[in-house]
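Enquirer: Next come the chains, spelled out residue by residue.
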Amino acid sequence: MKTLAATPGRFIRLGAPISVIVAAIIALILVACALLASWIAPYDPTDLASFELINAELPPAFTADGDSRFLLGTDNQGRDLLSAMLYGARVSIAIGGGAVLLAATLGVTLGLLAGYFGGRVDALIMRVADVILSFPTILLALLVSGIARAIFPGAATAEWAPVILICAIAIHEWVQYARTVRAATMVETAKDYVRAAKVIGLPPRRIMLRHILPNVMSPVLVISTINLAAAVLTEATLSFLGVGMPPTYPSLGTLIRIGNEFVFSGIWWIALFPALALVILVLAVNIVGDWLRDRFNPKLRVKR
Amino acid sequence: MLKVLLSRLGQAALVMLVVSAVSFVMFRYVGDPVATMSRENASVEEKAELRRSLGLDQPLVVQYGRFLGRTLRGDLGISYRNQRPVTELIAERLPATLELVIVATILSLALGIPLGVLCALKPNGIAARLVQALSLIGISTPTFVTGIVLILVFAVSLGWLPSFGRGQVVDLGWWSTGFLTISGLKSLLLPGITLALYQLTLIMRLVRAEMIDVLSSDYIRFAKARGLPTRYIHFRLALRNALMPVITVTGLQIGSLIAFAIVTETVFQWPGMGLLFIQAVSFVDIPVMAAYLLFVGLLFVLINTVVDILYAVVDPRLRARSA
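Note that the protein sequences, when read in sequence, are chains A and B.
Just so you know, our numbering puts 55 at position 55 of the first sequence, and the rest follows in order with no gaps.
Just so you know, our numbering puts 248 at position 248 of the second sequence, and the rest follows in order with no gaps.
Excised from the complex, chain B in its bound form (with noise of 0.2 Å):
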């Protein structure tokens, strides 16, 4: 068992240092900070001093080590187009990623059973048949296509709901909520919904995969054989073992649910982590850039490191294989 943890614990750190040195590389060669940041018609002296303000005129090895220094404290930079720090910025964004992943995991989770465990009974039912086309259609449509379409017919033609930002946020400490006001829980609706969509697809198709494997099984004939009631067969009995992997992937889609929030921010222009990091990409601002690399790395590593160890805590024969 420790074997295995260790292991883990050590492909993570690998990992982390791969995405720390991508980030560094990037963040020491590519672009040229002080040309993006000085005015048009900055002298030379006035670009040598901010130059010198930033530490970009040290030996490479003096900046490498300023840098993990640094980051392991948290210090990650000044953004160069806000002349804020990265760490503060992303801190302030980061609530308004979290909730918008929240609704949008939940919406997805209240419709994706229901739909793939209807799917599963009556496979050949017209409302099946529906859903399947239906997801078919879900998965060849982009999300920003979605988020338009939802804005031209909810705000634009019909003016209920709002099609931008976060409407009246409350500060509870440092971090900002849309969840207790009528605006903000209206503005919280289109984004969340598109979102869902991205992820309602995948968890539709996989109750429903799952919710077919389980019914086949021997445990649920010899139910059946034994005359259950059909509704406790169906809901008690394989609903609830069909579910375990849907929520271990529901748990690991959350990094990419972070991740691909970028294009439904971009379309509602919600203030969350992906708006920033699109915006440090149009103006090339590095450190921002870096900074959501490693923020994101980090995140999807620590998933996926839990749920690897999780799985050899619940499943012995995955600790033989590995061991």
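Excised from the complex, chain A in its bound form (with noise of 0.2 Å):
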């Protein structure tokens, strides 16, 4: 775990190219921006008395009509866009980063029990993974979300969306996971010192979590930071589709997804301010995880 900490001075000491470092920089402002959206934004856009109507679409201040209170001009409800894009990324981050947490927990789990145990264990765990693997992200995500909607009507559905999304989004994800930790465990079985572990009568439970596990975890890790990247894509496309995030409390896929509805009428900021962050946030985050997997492990490399 320790190898992984994202220092500068550790990517560097392990000869990571420039473009790396400084993707992983931008992907460590962006954030922490997020991160501290309460204090650095300028206004609260969940605070429904900080923003008037009045103000609606106003273009950027750096246009020619544009409103210095307002540096990425305003949304169709006049709320401040850069606040609302800080607060937006908050959520993003926070439903990808709960996304890729319930993945690695299911997945490395049931990865574990799969490999350990073998036979019918490891046949309906990886029947069922093939399963899941033979359709889209996005058509399972948005089943999951639709079945949710009919299960949580109406105001319910806005009040539990982020949970909704998490569930959707790792439905898929877990797969990956249990398949790597499967292999790996499989692997670490066979060794000798986990032999030596059965013949001293130690719980498979114990050996599992105590003894395999801190051994197959690099791979999870290297992993996860390319599947962030991917969940907070699937999440800003629900959103985007109108099954994620209500516009009361947007993520940048919401805000996005408002954008669009003004794009005929010549209003492009509101759509292409929060679509740049959440570029630069992917393509950031895609940059160091594609480093790390051919950094780390040559083998992970998936043809895509």
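Mixed in with the good hints, there may be bad ones.
Some chain A residues close to chain B (C-beta under 8 Å, calculated; not the full set) [to be verified]:
#1 Val22
#2 Thr237
#3 Gly242
#4 Val279
Far from chain B, some chain A residues (derived; all Cβ distances over 10 Å) [unchecked claim]:
#5 Ile26
#6 Trp39
#7 Asn76
#8 Arg149
I should point out that these hints are in silico values taken from the structure, not numbers from a laboratory.
Note that the Cβ used here is the ideal one computed from N, Cα and C, for glycine as well.
Two chains, two frames, a set of hints: combine them into the complex.
Expert: Pasting the structure below:
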């Protein structure tokens, strides 16, 4: 775990090219801005009293008829776009992180079980994984959120949106963890230290968690970087399609959805700035993730 | 061989059974269609009448039997929202989605193969590096952002191309096509490019990887040693073999492309199956959701099964392994 600590010094010592270091710094700055949104944002977009309809759809400050109070302009309700984006990025990263955490927990657990016990447990888990993998992420996620919308009608949907989104994304992402961990666990299980642990009569739970798990964790951490980028993209896509975060508590995807309705009237900034933030964030995380993957485990390289 | 065939078909049937069970459970247990369909101030009698006309007052076993029977006959129920048979709605929307997918596939192959070959032949050239960098940006840019940017540039600023709908379509029997009119073709362009870009990166990376693999194989080295012309070696000998997996993957991807068209269709208000599905999700129109799931599930299972069986036919080693 320690080897992956994201300090610039370590990256340089590991021989990271300059582009990866720049990407890592950009990613860290963006994540920090998002996490500190409530302190650094000029306005609070969730506070109804802080914005007025009279300020709606003002262009960015640097354009001819921009307003210096709103650096990147305002949205259709008069909210400061920069503030909405900072809070939105926080929502996006929180949901993406939550989904990766859930998927990793689920996938690592099932992967350990499948790899350690083999036989029927293994066959069942991998069969389910195969079926899930044969459907695209977006379809499964839409299905989960569609069912959830029907179960929590009306206002409850908005309240439960983050949880629904996390589950909808994780249902596809756990498979990759399970497959990787299963393969690594099978290798470890055949080694002497595990066989010795079995011989002295340690319970399987203890062997899996204390002895095997630490040795199969490094690919999990590498996968997680790339999966975080993918999860943020899936969340944005769902929110853009209108089945994600509600406009009252927008993520970056929701902001782009709102902006999309105004593109035709020449109001480009509501859609374009959040889109730019999203692409830069995902690109930076992807560059770091790609490099980590190649650096730590060339075998993980998948054809995409 | 027969064993492989039977086991593949058995697996396919099993997956379809699971998909149809999920579909039925959604159909039956999720949400209250009566509350969704009736007017705000509908009386209790009106609601009961509606419940009866939808068959929701019958015992569960009867409902499940009916569901399976109807599904096998191709009757997937009536949309809660449009009050029309779902099969009819899907048949009506199918051509729009398939035409979009065809255009996207052709575009992504036409661009992806040359770019992939370029990257493989001159891996350190400026063009190859540029293409690689662009492909990373391509992976990180969500489809809907690509679509919005294309609309902003080509529809709003330049006004060259239409930004929504299919334009004028011509009916050929039950198939309505946009290929035969100028406005139809113009309308296909932006959504086609948007959907193709999603596929393009994949094809490009695959062609590059396969090409590099093939170029380092023995028969290519012998061909070079014999002094055959470079052009002949690269395009007649290497590319042909590198393209085999590309064709397979492109075929397998058609299913994903249909599912992924949901996003493109939303951005461009393209009247295909994806738009139908996303509207069904937001209006909790369960029959349409269930039918779409069944349809796409069937498509995936069909494509995967056919590819598996074809592999077994072509490659005897796979037969031995799974038998």
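Enquirer: List in ascending order the numbers of the hints, as given earlier, that are violated by the structure.
Expert: The structure conflicts with hints 1 and 8, although it agrees with all the remaining ones.
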